[in-house]
Each structure stands twice: as structure tokens, then as C-alpha cells.
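Position chain B relative to chain A; hints supplied.
Chains as they are written, first to last, in our numbering: chain A, 228 to 699; chain B, 228 to 699.
One or more hints might be untrue.
Copies of the same chain are indistinguishable here, so a pair counts whether it falls within one copy or spans any two.
[What the hints assert, rightly or not] Below are the DMTMM-like pairs computed for lysine to aspartate or glutamate, each with C-alpha atoms no more than 25 Å apart in a straight line: (1) Lys694 x Asp631; (2) Lys504 x Glu483; (3) Lys545 x Asp631; (4) Lys694 x Glu447; (5) Lys694 x Glu632; (6) Lys504 x Glu598; (7) Lys545 x Glu372; (8) Lys694 x Glu537; (9) Lys694 x Glu598.
Simulated from the structure, these hints should not be mistaken for laboratory data.
2 protein chains.
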Amino acid sequence: MHVRIGEAGKRRGAIQIDLARAACAGTRLLQRAGEGDQAVANAQRLDARLRGDAGIDRPAMNDEIGRAHAASRERGQRGLSKRTTAPAHVTPLLGQFAHQAGGLEQRQAGSDGQMLCAGGWALGTWLTDESMPATASLMEQEARETPAVAARLLGHRDDLARLGERLRALAPRYALALGRGSSDAAALLAKYLFELRLGVPTVSAAPSVLSIYGRRLALERALLLVISQSGRSPDLVEFCRAAAGPEVLRVALLNEPSAPLAGAVDTCLPLEAGQEKSVAATKSCLAAMLLAFALAAYWRADRDAIVAFERAPDALGKALAQDWSAGEDFFAADGSVYVIGRGPGLAIAAEAALKLKETMGLHAEAVSAAEIRHGPLALAGPRLRVVIFAARDAAFESLRQLGDELAQLGCPLLFISPQPALSPLHVAPDAEPVLEHLAMLLRFYVLASAGALRRGRSPDAPPLLRKITETR
Amino acid sequence: MHVRIGEAGKRRGAIQIDLARAACAGTRLLQRAGEGDQAVANAQRLDARLRGDAGIDRPAMNDEIGRAHAASRERGQRGLSKRTTAPAHVTPLLGQFAHQAGGLEQRQAGSDGQMLCAGGWALGTWLTDESMPATASLMEQEARETPAVAARLLGHRDDLARLGERLRALAPRYALALGRGSSDAAALLAKYLFELRLGVPTVSAAPSVLSIYGRRLALERALLLVISQSGRSPDLVEFCRAAAGPEVLRVALLNEPSAPLAGAVDTCLPLEAGQEKSVAATKSCLAAMLLAFALAAYWRADRDAIVAFERAPDALGKALAQDWSAGEDFFAADGSVYVIGRGPGLAIAAEAALKLKETMGLHAEAVSAAEIRHGPLALAGPRLRVVIFAARDAAFESLRQLGDELAQLGCPLLFISPQPALSPLHVAPDAEPVLEHLAMLLRFYVLASAGALRRGRSPDAPPLLRKITETR
Numbered sequence: 228m229h230v231r232i233g234e235a236g237k238r239r240g241a242i243q244i245d246l247a248r249a250a251c252a253g254t255r256l257l258q259r260a261g262e263g264d265q266a267v268a269n270a271q272r273l274d275a276r277l278r279g280d281a282g283i284d285r286p287a288m289n290d291e292i293g294r295a296h297a298a299s300r301e302r303g304q305r306g307l308s309k310r311t312t313a314p315a316h317v318t319p320l321l322g323q324f325a326h327q328a329g330g331l332e333q334r335q336a337g338s339d340g341q342m343l344c345a346g347g348w349a350l351g352t353w354l355t356d357e358s359m360p361a362t363a364s365l366m367e368q369e370a371r372e373t374p375a376v377a378a379r380l381l382g383h384r385d386d387l388a389r390l391g392e393r394l395r396a397l398a399p400r401y402a403l404a405l406g407r408g409s410s411d412a413a414a415l416l417a418k419y420l421f422e423l424r425l426g427v428p429t430v431s432a433a434p435s436v437l438s439i440y441g442r443r444l445a446l447e448r449a450l451l452l453v454i455s456q457s458g459r460s461p462d463l464v465e466f467c468r469a470a471a472g473p474e475v476l477r478v479a480l481l482n483e484p485s486a487p488l489a490g491a492v493d494t495c496l497p498l499e500a501g502q503e504k505s506v507a508a509t510k511s512c513l514a515a516m517l518l519a520f521a522l523a524a525y526w527r528a529d530r531d532a533i534v535a536f537e538r539a540p541d542a543l544g545k546a547l548a549q550d551w552s553a554g555e556d557f558f559a560a561d562g563s564v565y566v567i568g569r570g571p572g573l574a575i576a577a578e579a580a581l582k583l584k585e586t587m588g589l590h591a592e593a594v595s596a597a598e599i600r601h602g603p604l605a606l607a608g609p610r611l612r613v614v615i616f617a618a619r620d621a622a623f624e625s626l627r628q629l630g631d632e633l634a635q636l637g638c639p640l641l642f643i644s645p646q647p648a649l650s651p652l653h654v655a656p657d658a659e660p661v662l663e664h665l666a667m668l669l670r671f672y673v674l675a676s677a678g679a680l681r682r683g684r685s686p687d688a689p690p691l692l693r694k695i696t697e698t699r
Numbered sequence: 228m229h230v231r232i233g234e235a236g237k238r239r240g241a242i243q244i245d246l247a248r249a250a251c252a253g254t255r256l257l258q259r260a261g262e263g264d265q266a267v268a269n270a271q272r273l274d275a276r277l278r279g280d281a282g283i284d285r286p287a288m289n290d291e292i293g294r295a296h297a298a299s300r301e302r303g304q305r306g307l308s309k310r311t312t313a314p315a316h317v318t319p320l321l322g323q324f325a326h327q328a329g330g331l332e333q334r335q336a337g338s339d340g341q342m343l344c345a346g347g348w349a350l351g352t353w354l355t356d357e358s359m360p361a362t363a364s365l366m367e368q369e370a371r372e373t374p375a376v377a378a379r380l381l382g383h384r385d386d387l388a389r390l391g392e393r394l395r396a397l398a399p400r401y402a403l404a405l406g407r408g409s410s411d412a413a414a415l416l417a418k419y420l421f422e423l424r425l426g427v428p429t430v431s432a433a434p435s436v437l438s439i440y441g442r443r444l445a446l447e448r449a450l451l452l453v454i455s456q457s458g459r460s461p462d463l464v465e466f467c468r469a470a471a472g473p474e475v476l477r478v479a480l481l482n483e484p485s486a487p488l489a490g491a492v493d494t495c496l497p498l499e500a501g502q503e504k505s506v507a508a509t510k511s512c513l514a515a516m517l518l519a520f521a522l523a524a525y526w527r528a529d530r531d532a533i534v535a536f537e538r539a540p541d542a543l544g545k546a547l548a549q550d551w552s553a554g555e556d557f558f559a560a561d562g563s564v565y566v567i568g569r570g571p572g573l574a575i576a577a578e579a580a581l582k583l584k585e586t587m588g589l590h591a592e593a594v595s596a597a598e599i600r601h602g603p604l605a606l607a608g609p610r611l612r613v614v615i616f617a618a619r620d621a622a623f624e625s626l627r628q629l630g631d632e633l634a635q636l637g638c639p640l641l642f643i644s645p646q647p648a649l650s651p652l653h654v655a656p657d658a659e660p661v662l663e664h665l666a667m668l669l670r671f672y673v674l675a676s677a678g679a680l681r682r683g684r685s686p687d688a689p690p691l692l693r694k695i696t697e698t699r
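This is chain A alone, in the form it adopts within the complex:
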């Protein structure tokens, strides 16, 4: 596992900027550690240069960076040698240290710390022998744990089978699905799966109906599926508590089994995602989506879908091995992005758009392929980037045509699919389109982390957001 920022930078001849940032980060750290005036002077000169990127004198910059780097590394290693006795881990630790300092500074002083965060990663990478595993963002590390999470979920097949039986006996007339943020995207996937696979109309529930407006819905013979990583948002807890009834089955997909939400439902399925530290959710969202898929599969007693669930760890693992470096530049510039999907793919698009907002600060909006001609198409042109998620399901051909049309209108296009001929960024085909979708989303998470670093932002600590949000 390597942080690719160094390689990507070299490819486009912009390595100077990364290195200057890294050197800045290092010298600032040394400044805080009281390592003397030389570090301060270096940091100030490099800062001034960075602020005037446009007029950069590359050879002089290289020399200066070389000097700053040599000083930083020497002093940095000396400074850090108190913290570790394993020399092979010194340089990644330096990067980690710069990253933590950047996160701290960001929380205290706003966006300046973002540069330091990114600089920290770049420094860690650059100082590291490329053959050695480097540190990655927490977001990337956690995304890469998803195949293991999927494997743990297979341990709950008996619970799922029992729940499927219970649902067949209840035969709910309709379902409700609810969640917030990434869990809302997972709830949208659940809605499409319940409707497409079981024909059960599914309400995207708005907890504010109760929490703000004080109105209790009249539920009868219904499944309520609530999805939450933390299980602590009061509006979700209140909504589930009020939704009790003899023919209402309340199921929570929950990462923290001891959370208040667990006490407000009839049964819980654990997300098995382990601790998730990055504000940008990855493995917990994919776990919820995979569980929603499994729930529909067992409810329907659909042998093919159950087998697909069983091969999810493998499909997700393969996705991580795909080379998507061709997409790293796509999000470099500021501006607008549409993320397009249809059917279950719209849920993937919703989650991907949210990630682009959180990690890159880009205005990315999920747009239904069906709705685009009813208004959003007015923005099409060279200034609107478009990402399309197309699994090989019944919507594929219409998405391909839409992609062609948008490209002809000048939109820079990232068409993500399991078709290598159409998609430089692809995943392996699978007989189950939902698995293709989850694989695309997983690989997209890693791309988003790399893209955020390229934009000088920490994917783990987006401005103004917290990991646990309690909505009322």
C-alpha cells in the first residue's frame, strides 16, 4: 500500500509543490519543537514562494527544497528518535506527526491546517523508501478494511435467514427506510432493493415529521429499516421508538450495538465495521449497503443473491486492486460536478457526491438520470464535470447514451462501469449488478482520498464536520 501522491506529482511535473508543502510542514513542526531559527526562516521563505505559485522559479525552488529537506530530515529524525526505536518506521511517523499537527491546527485556526495535513502526508511519502508501506489517510485505511468487514458480515447468515423468514411471515405491505448522511444513501439503496426485488413500496422516512412537527405516522404491517453508524442521533431514536406496533417490525443496521438506537427497535444487525475514525464514512456505509442487499436476498430467499452476498469479500478485494490512477486529476480543479446514477446506482451516486463534498470541498450533486432532462441538463458544458456510475443492469444502455451525450456537450466525463472498453476506471464484472455498484463505490472512496490530498485537503478531517452528528 503506497500513498500515490508522490508518483502522481512526478507524472505531472508538479512535484515541487508537494515537496515544498512537505518541507514547510517539516520546518513548522521543528519550529514548534524549538529546533532553531533556521527552520523558521526556511518555512517563511517557502511559504512566501507557495503563495506565489504562479511565478515559481523551478530550479531555484528545487535547490531550496533540497536544502530545507535535508535540514528537516536530519532534525526531524533526531527530534523523533525519542519517540521510536525502530528506524524503519521513523519517516512514516514523521508524516503521521505532521498530519496530526495539521489536523490540530485546522481545528484551531481553520483552513491553513489543511495544507499542513497534506504536506504531512507528502512528507511521509517522500521521505519513505517507495518499497516500504507508507501511511495512508485514515479514510483510505478504513476503506481498505471493507473486504474484511464483508467477511465478518458472512458470520451473520443465520440471523439474516431467521429475519428473512420473519419478514416472509409478516409480509409487510410497505417499508420505511431511514438514515442520515451516508446512511441515508444506504437507506436509498434499501428502498430500491425492496421495490425492485420484492415489489414492496418503500418510504424514505423524514424523521422531522415527528421530531420537528410532532406528528406520529400511522404504521400498520410495515418494515421499518433504520441505518446508523453511531446509533445516537436523537431524531432517529425518537422516530423508531414512536413507530412501535404489533405488526411493525423495526430493524436497525448499527455499528455500535450498545447505542441508544438499539433499545428503540425490535432487532439489530451489526455493521461489523469496527471503529471508524475518519469523519468521511467508508467501510460502515458499504457494510450497511451490503447488509441491505443481504436482507433483501434472505427476505426473498433468493439463492443467487445469497451466493452473491457470499462472494462480496472477494469482489470488494478485487476492486481495491484496480488501478484508477488515471482518475486522480479529474477532481483537481474547483467547480461543479454531477454524479449520475439510476435505480440502485442513484444511491451510489448520492454517497459518492457526499464524499466529494466532504473530502474535496467540491460542489458535487447526485442527479438521477431520469430527472436530468427535466432541468439539471441546463448546466451541461465544459465547466460541468460528470461522473456516471453504471452497473450492468437494465439501466446500463441509457446511462451509456447519456454519457455520450454529455461528453458531446463538452462535459469532462468519468464513466465508471464494469466495462473496460468504456471505462478506464472499471471494476471486475459480476453477475450481480449490486455487487458491481458496491465495488465501484469502494474503489471510488480510495480515489476520493487521493483526490483530496491532491487538492491539499485532509480527507479525514473535513472543515466544519463532526463524526457523530446529532440531529433534532
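Just chain B, lined up with the frame of chain A:
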């Protein structure tokens, strides 16, 4: 009724640009009409100047515009005198003519025509004595018909009362609401009203479940509400046809009673909007929203809400008389906009965001006040404009606080509410918050039309969109 572009332009000293555009439009028209080489030369020189706005020489420009204007007016009136014998109407007609030519050119050749469209309006306004009614965009004209549409809807109170009785007898366990584009926003309002006022869980139906994926939903004792201006989109027709059943009541809110959709439902309520020519829907969307409100009122036999329905023409008429010129500059620059609402206000936000996309080409996205902290807040800062729609319902205080917070983060804020102390752009308070919402949306339509003209775009003919969109 005046087109305000001339006044607004004078206020900010940018009148030169409007006039240059107008003169360009005039000279181009004359060029097409074979009025000689002088017009061509004028047009070319002004075009060149416009393309280099930054280095404009204002006094010289004024002289040049004066000359071009004198020539245009003289020749234009002569050219147009064949078309009319009423001198008082000559100059508005010239504007109208330029507008039509601009629309034609836009459809044929892309975005160039937009300047001509806007120029046409500016020309018409500028050549017109300001005490005389000038032509307005079709969008504005149609929006201004809404109070009359609302009055016509009152003629259907008996139908609504019968439908309300039928719904009380059926007692649907849940409802489905569907529409596309602006009608989808109206369907979202219906969802909130059915849930908030009647406690009936409501599915936002995705027609693709049937039209793309071929799956029929198992409906039982349900209300299906479908909303469509044209009633011609095949996916809606197919969905409604497949939704038949002994305890399923299918109701269409429809502007064209003879449309195919009418044959696919059990009963229709007419939108009574009359012909709507502008691609950007206004009066038809407000009619659908008002009817959805009335349907919930009669279903619940809610005397207060029925009385509120009856005063809608008055409330909407008052909204049109509000001076919102303070908001005309808000959308002048390119960039991102969040339109925020909660509960029923989220439906208003969805429709307003769609209008900003269609008419201004701005990337405006509707964001739920509940979801913003789960990710979208990461974009907050001086480059993100925020519009908040806040009626005086239970969500008001939380929206006010959110507005304060976003303003502190540097977001330019347009807080639209019925509170003059908080909102330079306000409407009259009403005991029924949904009426406040509809009044705010109506006045916003007129603001959007003015804003589009200021941005040099025709609100009536957005690029790439058609009035009737047939989704499959």
C-alpha cells in the same frame, strides 16, 4: 409591470453593458433585415467591445451606444412599422422581436443567442417610456397569472370535497406521490402534507422501477397521486396503468385533461393553469402544490386549511406586490448555491433550486436543513451562497439559527421568510405556513426571471431543455 433590468442596471452603473447588448441585438436584427452595412459595422464593433468588457472605455462606449441606438431605433421602427399600426406598442414589439430572434438563434446555434435574448429585453425596456407597461419574460408573465389560476381552482371545491370523502372512506394505509422536474417538487410537498397533516406514510415513487427494471409494485389500499403538466411522459403513464387495483385510488393533477395520463388513473383534478409556454414551469407547479394542499385539507375535512385554500388567490396576489429588488444582485455571479428548507419547505427549496439551474445556469442544490451537518456543510464559506425558505412553522427557529451560523461562516445569505425584521425579501404572514411557502415561491419565480435577464440569459428558453420531456 416593468422589466426592471434598466433600473437595476442604472443603480449599479452597469447600464453600458445592457445598452451595448441591446444595440447589438438591434443592429443584428437590422443586419438580418438587410438594413445596410452601417448596422453590421456597429454590431461588429460593439461585439468586439463586449468581448473585452474588462478594458471598456466608458465615455467612448456611451457615445458609440448613443449612435448605434439612434440608428437602431430609427431603422427598427421603420422596419417594424409594417407589423403594427399602433405606435405606442412599437418599441415593446421591437424588444419582443429581438427576443424571438434570440430564442431562434439560441436553438440553432447554442449559447450566443442568449445574449441576443437578453439584449432584446433590454432594448425593449430602454426604448420604452418607463411609465408604459413593458414586455416581461413569458416566465414572469405566466408566474403573474398564478393568483388567477388559484381563483379558478376554487371552482373545484365540490370535486375536492367528494374526493376527500372518498379518501376518508378508503382510509389508505399509505400513499405514493410521483412527478418529474417541478412536478416532483410538488409531489414532495404532497408527501410532507400527507405525512404531517394525515399521518399517512408516503412513498416518493420511482417510475423506473417499472419502466426500466420491469418490476410491478404490490399496492394495496393506497392512494397514488401523480402530478404532471403535460400528462405525456410514458414512464408516468405506464406506472399509473400498472398500479390498478380494487383498493388503489389513482388521482392525477393534470394541466392537459385530454393527455394520455388521464386515461391511466381513476380521477383527475385539473391544474387550471392554462397554456404554459415558458420552459421554466411556474403557474402549473404552484397550481399543483396548491391542489395538493387542498387535497390534504379536504381529505382531513380541516376547516382552517380549507379556508386557507380559499384565501390563496389573495395571498399570492399580495406576494407579487412585494418589492424584492434588493435580491436582484444576489445571483449575478457564477458559482454554487444551496437552497435550504425543512419539512414542506424542502419541497419549495427543491423547486427553487431547479429554477436557478434552468433559468440562470447556476449550480443550485436543494439541501435539507437536517442533512446539512452530515456532509454538505463542508462547502460553507464566502464562495457558497445560501438561500433559506422559512415559513413560520415548527422549523422556523432552527432555520433562523442555521442562517445565522452560515452567515458567520461567511456565506452570502438570502433568508426568505414572512418576518420583515429578518428578511428584506419577505411576504405577508399568514396563519397557514404552507400558504406562506407558496407565496415565497411565487415571488421567487419573478426574482429568478429578473436574475436570469441580468445574467444575460433568457428565462423562457434555457439551453438544452424542452417544455415537454418524455422519460422512459
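These are the hints, each one checked on the structure:
Taking CA atoms no more than 25 Å apart as the test, lysine 694 paired with aspartate 631 passes between copies only; the shortest distance there is 23 Å, against 38 Å inside one copy. Proximity of lysine 504 and glutamate 483 under a CA criterion of 25 Å is satisfied intra-copy only: 13 Å inside one chain copy versus 54 Å between copies. Taking CA atoms no more than 25 Å apart as the test, lysine 545 paired with aspartate 631 passes in neither setting, with 28 Å inside one copy and 47 Å between copies. Taking the shortest alpha-carbon separations for lysine 694 and glutamate 447, neither the intra-copy value of 34 Å nor the inter-copy value of 41 Å comes in at or below 25 Å.
Proximity of lysine 694 to glutamate 632 under the C-alpha cut-off of 25 Å is restricted to the inter-copy arrangement: shortest distance 19 Å between copies versus 39 Å within a copy. Taking CA atoms no more than 25 Å apart as the test, lysine 504 paired with glutamate 598 passes between copies only; the shortest distance there is 20 Å, against 35 Å inside one copy. Taking the shortest Cα distances, lysine 545 and glutamate 372 sit within 25 Å of each other inside one copy (13 Å), while across copies they are farther apart (59 Å). In the homo-oligomer, the alpha carbons of lysine 694 and glutamate 537 never lie at most 25 Å apart, since the shortest distance is 30 Å inside one protomer and 47 Å across protomers.
For the identical chains of this complex, lysine 694 and glutamate 598 are inter-copy neighbours only, at 14 Å across copies versus 32 Å inside a copy, given an alpha-carbon limit of 25 Å.
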